[in-house]
Amino acid sequence: MTLDPHNLLAILGMAIATFATRLAGLALAGRLQLSPRAQAAFDAIPPAVLVAVIAPSALATGWPETVAALLAALAATRLPLLGVVAVGVAAVVALRALA
Amino acid sequence: MSSLRDDALRGLRDIAPAMLAAVPIALLFGALAAGRGLSPLETFVMGALVFAGGAQFAAVELWATPAPIGAIVFSTLLINARHVLMSASLAPKLAGFSRGQTALGLYYMADENWALAEKRARTHRLTPAYWFGMLLPFVACWCATSTLGTVVGAALGDPRRFGADFAFTALFIALVAAFWKGRVTFWTVAAAGLASALTYRLIGPPWHVLAGALFGLAAAWLAAGDAELATEARP
Chain A
1 MTLDPHNLLA ILGMAIATFA TRLAGLALAG RLQLSPRAQA AFDAIPPAVL VAVIAPSALA
61 TGWPETVAAL LAALAATRLP LLGVVAVGVA AVVALRALA
Chain B
1001 MSSLRDDALR GLRDIAPAML AAVPIALLFG ALAAGRGLSP LETFVMGALV FAGGAQFAAV
1061 ELWATPAPIG AIVFSTLLIN ARHVLMSASL APKLAGFSRG QTALGLYYMA DENWALAEKR
1121 ARTHRLTPAY WFGMLLPFVA CWCATSTLGT VVGAALGDPR RFGADFAFTA LFIALVAAFW
1181 KGRVTFWTVA AAGLASALTY RLIGPPWHVL AGALFGLAAA WLAAGDAELA TEARP
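Protein chains in written order, with our numbering: chain A, 1 to 99; chain B, 1001 to 1235.
The following block holds chain A by itself, in its conformation from the complex (with noise of 0.2 Å):
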């Protein structure tokens, strides 16, 4: 059990990074008068970011990773969110097997 100084400090720059960007949001918020183009753009926020997050993983990976992800986005269409990951998961394992 043991805590570097030099660890800590590098833990620490990480946390007030995150906050700030956490926080920086706040700032923003009340001054966006939003066009309703802007608004869809504002709108579309979550699917852009979760899709830039795991794009290089679903696509610049392997087929079967990119199947897997088309398996998974099939289910997303009619499963709650635990059954898409099993789906996915299993998916993957299959088709790793295979390649």
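Hint data in this document are derived by calculation from the structure and do not stem from the laboratory.
For each residue, glycine too, the CB sits at the ideal point set by N, CA and C.
Computed Cβ-Cβ distance ranges for the label pairs, DEER-style: (1) 8(A) - 1180(B): 38 to 46 Å; (2) 99(A) - 1036(B): 27 to 35 Å; (3) 77(A) - 1204(B): 26 to 34 Å.
A few chain A residues that face chain B, going by a derived Cβ cut-off under 7 Å, partial list only: (4) 2; (5) 13; (6) 45; (7) 46; (8) 48; (9) 56; (10) 59; (11) 76; (12) 89; (13) 93.
Put chain B on the given structure of chain A with help from the hints.
Same frame as chain A, now just chain B:
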């Protein structure tokens, strides 16, 4: 009082699948952190203070002895730049929160609890009870299981064998589906996915997150403009 309890339980119920999906990710994270020389306590402290899966993975990827603090903090800032847009979108929905609740609540705003809160806000008023009902178990579970990962990681073997590394991707796909609004979302997802994957290949992480998010927003802006013109053209 009972509505407070109901809201907290509702939050717990909503976050439960995401929390469970994060368990293998957290174990994997702990195992990687231990491999880079982070102690169980340091891994726990990072989870409790930073609580940002993507940034934590990237940091561990950069970790060495001594830790390159500048590179780690810069990578964290870039990967979490999306939080600015996320909190800007969430902030107006936190109307009933005190200042302290807003600050503490936003401190632990991650992709999953934020996405679920945005979804909840479409049909209900967001309450502190609901938000913290999601947050507390989620943060506790992430810290506990990532610390556990530093201890048992080596024993589990390659996480790829169980597809554990893909749980994160599948979970995010499921979350995207919750935001589906037809054509505009389709173009958003297509542009964000292509821009992110290409940036990842050509330039490298962590720039893909920012590029993907910005191209996704641009696509939504363009696609929504088309829709406006189409409805105007109709008599």
